[in-house]
Amino acid sequence: MTLDEESRLVKAAANGSESAFEALVTENQKLVYNVALKLTGNSEDALDVSQETFLKAYRNLSAFRFESRFSAWLYRLAYNASMDLLKKRRSTVSLTAEDEEGEERELTVADAALTPEESLEREEMRRAVREAVARLPEDKREIIVMREFSGMSYSDIADALGIEEGTVKSRISRARAALAEILSEYGTFARPSPSNKMKGGKRNA
Amino acid sequence: MRDCENMRELISLYLDGELGADETAKIEEHIAGCEECSRFLRSYSLFKDSIPDDVEPPAELLSGVMAGVREINAEKKKKKRPALILRWTAIAASFAIVTFAGISLMNGGFDAGSAFANEAALSPEPGAAYTDRVTDYAQAEDAEPASDEIPFEPSTVPAEAPEIFEPAEAAIPDLDYAGEPEPEPVTEPEVPPEPTQSKAELSGYGTKEPTPVPEPEPEPEPEPEPEPEPEPEPEPEPDSEPEPDDDPIPGALPIPGDSDPDPDPPPLDAGTVDSGYYYHWLILGYYDGAEEKTAALIRELGGEIWEWNPDYNYYAVYFENPIEEEELEALCEELLKYDYIWTAYPKDEL
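These protein sequences, in sequence, are chains Z and S. Counting from 1, position 49 in the first sequence corresponds to residue 49 in this note's numbering; the numbering is continuous, with no gaps. Counting from 1, position 154 in the second sequence corresponds to residue 154 in this note's numbering; the numbering is continuous, with no gaps.
Be a bit skeptical, because a hint or two may be false.
To be verified - For lysine-lysine, the following DSS-like pairs were computed, each having C-alpha atoms within a straight-line distance of at most 25 Å:
| hint | chain 1 | residue 1 | chain 2 | residue 2 |
| --- | --- | --- | --- | --- |
| 1 | Z | LYS56 | Z | LYS30 |
| 2 | S | LYS76 | Z | LYS87 |
| 3 | S | LYS79 | Z | LYS11 |
| 4 | S | LYS337 | S | LYS293 |
| 5 | Z | LYS169 | Z | LYS88 |
| 6 | Z | LYS11 | S | LYS77 |
| 7 | S | LYS337 | Z | LYS11 |
| 8 | S | LYS48 | Z | LYS56 |
| 9 | Z | LYS11 | S | LYS48 |
| 10 | S | LYS48 | S | LYS26 |
| 11 | Z | LYS88 | Z | LYS56 |
| 12 | S | LYS78 | Z | LYS87 |
| 13 | Z | LYS56 | S | LYS80 |
| 14 | Z | LYS56 | S | LYS26 |
| 15 | Z | LYS11 | Z | LYS56 |
| 16 | S | LYS77 | S | LYS26 |
| 17 | Z | LYS87 | Z | LYS56 |
| 18 | S | LYS293 | Z | LYS88 |
| 19 | Z | LYS87 | S | LYS80 |
| 20 | Z | LYS30 | Z | LYS11 |
| 21 | Z | LYS169 | S | LYS48 |
| 22 | S | LYS337 | S | LYS347 |
| 23 | Z | LYS56 | S | LYS337 |
| 24 | S | LYS78 | Z | LYS169 |
| 25 | S | LYS337 | Z | LYS88 |
| 26 | Z | LYS56 | S | LYS347 |
| 27 | Z | LYS30 | S | LYS48 |
| 28 | S | LYS76 | Z | LYS11 |
To be verified - Only part of the chain S face toward chain Z is listed, based on derived beta-carbon distances under 8 Å:
| hint | residue |
| --- | --- |
| 29 | SER45 |
| 30 | LYS48 |
| 31 | LEU61 |
| 32 | LEU62 |
| 33 | GLY64 |
| 34 | PRO310 |
| 35 | GLU333 |
| 36 | ASP339 |
To be verified - Here are a few chain Z residues that face chain S, going by a calculated C-beta distance under 10 Å:
| hint | residue |
| --- | --- |
| 37 | GLU5 |
| 38 | GLU6 |
| 39 | PHE21 |
| 40 | SER150 |
Source of the hints: derived by calculation from the structure; they are not laboratory data. Where is the CB? At the ideal position from N, CA and C, for every residue including glycine.
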């Protein structure tokens, strides 16, 4: 969809055209659904978040200023809604190993070819990845999600965030380093280490 | 890791296939000889492999959204013209009354006599009873919102009367009596502005949510909007803690050396036992937006913040008084119970 087509549809939808909005949903639903799915980890939540995202967009169409692509705006809504949901979940559910077993497993076609042990391991890894990403600071998290989860190009990310492409590159690099540090909690790396070397010790006499 | 820091961005570009042939060769050579960077690459590949492929969204997504859209539009229409709807109701009712009475008279299916008698009692001219009644209703509706309440003698209305009104209402175009649309299941935090507006908050730490768009109704963050329908809170939020949006600006957060009330900070150059303090180090990792809470918690426990690293969202904490190893472990366990703390562990040295 070209920018012009998109703008026309948004304007029509803002004026009450349901079919124009339907076209926008059809165009963007895969993007929205998949970011929600990758962040929340299950299809039920992804569906809820996606519907919520589109309905919120519909209710606020008049607030859209055409300064960026409509799809980028939708993406942001979906991302925020997913993170909000994760935050709520975190407050009410304790993430112990036992709880995780009861959770729905998001099996893809590829998973079906794995043994139960491998499948469990993969699901564990996916959960660890989601957790690690959730633990990143906001600015790093967003860019990692855009790049790694949604596969957006540097220029798309630059457009979506309103920054230079060079900034995208350096930010992604720092975000990856931070993510690696956090992933180390799962045994892949050494733990995050503060910068100054200080030894614990006793008070001098 | 420190030696490879200048390599970091190149490696990142390498991961994305953004390097030219020469640079790629250079990086690959470095990686082959560098333990840390190989480890990083291996782990990062694991991470990438575990991200599932994109899937097609289910059909319910589109159908659910469009159903919601139709509800929203219906709600809008209903809100727009309540007076008109009520007037239509009155007229519909009037029509129905006339029709009903007319049919019944024709069929002789009910006690026309009593109906007439009652009408006559209200109007001095029996012949004009119906016409007057219709006019009276129409005028009465202007005065009071009677919705589907018909000022009709209950005794003259057989049990079937309510059913008669429904078809009449349905025949009137432009009305939707499908009932109250479901209260919106979502809370209404502010809508994020265009990404270009968010530039400011992305460049700094600590600002979590975009600022509210000025155009729509002023929305308090992040409570749900006061909807006209009675809507209970979707989740019982144990909200003694402020949402990330309420967090103060990063400048207000404790940074070692900045807001340290202690006039005598531990000597930084000391790396030995002669430092004059007991050091017990804790690494406390927290989720985004919880810097303040975590810092407050640390102080509560008698700890001091040594280092704050916003890159990874953690504090390095020290305690001046002696603490046993087991006590420290127990403390960590306690800390992990807080939902905004994702890691807490003692460290022998930083």
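Hint check:
1. Between LYS56 of chain Z and LYS30 of chain Z, the direct Cα distance comes to roughly 17 Å. Compliance with the 25 Å bound is thereby established for this hinted pair.
2. Annotation: proposed proximity of LYS76 of chain S to LYS87 of chain Z is violated, straight-line Cα distance about 32 Å (limit 25 Å).
3. Only pairs whose Cα atoms come within 25 Å are accepted, and LYS79 of chain S paired with LYS11 of chain Z is accepted, the gap being roughly 23 Å.
4. Of the supplied pair hints, the one linking LYS337 of chain S and LYS293 of chain S holds, its CA atoms being roughly 14 Å apart against a limit of 25 Å.
5. In summary, the hint linking LYS169 of chain Z to LYS88 of chain Z is not supported, as the alpha carbons are separated by about 32 Å, beyond the 25 Å threshold.
6. Of the supplied pair hints, the one linking LYS11 of chain Z and LYS77 of chain S holds, its CA atoms being roughly 19 Å apart against a limit of 25 Å.
7. For the proposed pair LYS337 of chain S and LYS11 of chain Z, the alpha carbon gap of about 49 Å is over 25 Å, so the pair is violated.
8. With a C-alpha separation of about 31 Å, the suggested pair LYS48 of chain S and LYS56 of chain Z falls outside the 25 Å cut-off, and the hint is violated.
9. About 38 Å separates the Cα atoms of LYS11 of chain Z and LYS48 of chain S, which puts this hinted pair outside 25 Å; it is violated.
10. With a CA separation close to 23 Å, the supplied pair LYS48 of chain S and LYS26 of chain S stays within the 25 Å bound.
11. Taking the CA atoms of LYS88 of chain Z and LYS56 of chain Z, the gap is about 19 Å. The hint holds against a cut of 25 Å.
12. Restraint check for LYS78 of chain S and LYS87 of chain Z: not satisfied, since their Cα atoms lie roughly 36 Å apart, outside the 25 Å limit.
13. At most 25 Å may separate the alpha-carbon atoms for a hinted pair to count; LYS56 of chain Z and LYS80 of chain S meet this at roughly 20 Å.
14. Simply put, LYS56 of chain Z and LYS26 of chain S have alpha-carbon atoms about 49 Å apart, too far for the 25 Å limit, and the pair is violated.
15. About 16 Å separates the Cα atoms of LYS11 of chain Z and LYS56 of chain Z, which keeps this hinted pair within 25 Å; it holds.
16. As the CA atoms of LYS77 of chain S and LYS26 of chain S are separated by approximately 66 Å, the hinted pair breaks the 25 Å bound.
17. Restraint check: the Cα-Cα separation between LYS87 of chain Z and LYS56 of chain Z comes to about 19 Å, which is no more than 25 Å; the hinted pair holds.
18. At most 25 Å may separate the alpha-carbon atoms for a hinted pair to count; LYS293 of chain S and LYS88 of chain Z meet this at roughly 17 Å.
19. Of the pairs offered as hints, the one joining LYS87 of chain Z and LYS80 of chain S is violated, with about 37 Å between alpha carbons and a cut-off of 25 Å exceeded.
20. For the suggested pair LYS30 of chain Z and LYS11 of chain Z, the alpha carbons sit about 22 Å apart, so the restraint of at most 25 Å is met.
21. Simply put, LYS169 of chain Z and LYS48 of chain S have alpha-carbon atoms about 18 Å apart, close enough for the 25 Å limit, and the pair holds.
22. As the CA atoms of LYS337 of chain S and LYS347 of chain S are separated by approximately 19 Å, the hinted pair is consistent with the 25 Å bound.
23. Between LYS56 of chain Z and LYS337 of chain S, the direct Cα distance comes to roughly 34 Å. Violation of the 25 Å bound is thereby established for this hinted pair.
24. At roughly 51 Å between alpha-carbon atoms, LYS78 of chain S and LYS169 of chain Z are farther apart than 25 Å, so this suggested pair is violated.
25. A C-alpha spacing of about 16 Å is found between LYS337 of chain S and LYS88 of chain Z, which places the hinted pair at or below 25 Å, so the restraint holds.
26. A C-alpha spacing of about 46 Å is found between LYS56 of chain Z and LYS347 of chain S, which places the hinted pair above 25 Å, so the restraint is violated.
27. For a cut-off of 25 Å, the pair hint linking LYS30 of chain Z to LYS48 of chain S stands: about 20 Å separates their Cα positions.
28. Proposed proximity of LYS76 of chain S and LYS11 of chain Z is supported: the alpha carbons are some 18 Å apart, at most 25 Å.
29. With 8 Å as the threshold, the beta carbon of SER45 of chain S stays out of range of chain Z, its nearest partner Cβ sitting at about 11 Å, so the hint is violated.
30. At a threshold of 8 Å, the smallest CB-CB gap from LYS48 of chain S to chain Z is about 6 Å, leaving the interface hint in force.
31. The criterion of a C-beta within 8 Å of any C-beta in chain Z is met by LEU61 of chain S, whose closest approach is roughly 5 Å, and the hint holds.
32. Because the beta carbon of LEU62 of chain S sits about 6 Å from the nearest beta carbon in chain Z, less than 8 Å, this interface hint is met.
33. Given hint, GLY64 of chain S at the interface with chain Z, holds; its Cβ is 5 Å from that chain's nearest Cβ, closer than 8 Å.
34. The beta carbon of PRO310 of chain S is positioned within 8 Å of a beta carbon in chain Z (closest approach about 6 Å), and the interface hint is therefore held.
35. Checking GLU333 of chain S against chain Z by beta carbon gives a least distance of about 13 Å; that is not within 8 Å, so the hint is violated.
36. A distance limit of 8 Å between C-beta atoms decides the matter here; for ASP339 of chain S the minimum to chain Z is near 5 Å, and the interface restraint holds.
37. Using the Cβ-Cβ criterion of 10 Å, the hint placing GLU5 of chain Z at the interface with chain S is not satisfied: the shortest such distance is roughly 19 Å.
38. Hint status for GLU6 of chain Z: violated, given a least beta-carbon distance of 14 Å to chain S, over 10 Å.
39. Interface restraint check for PHE21 of chain Z: the shortest CB-CB distance to chain S comes to about 6 Å, inside 10 Å, so the restraint holds.
40. At a threshold of 10 Å, the smallest CB-CB gap from SER150 of chain Z to chain S is about 9 Å, leaving the interface hint in force.
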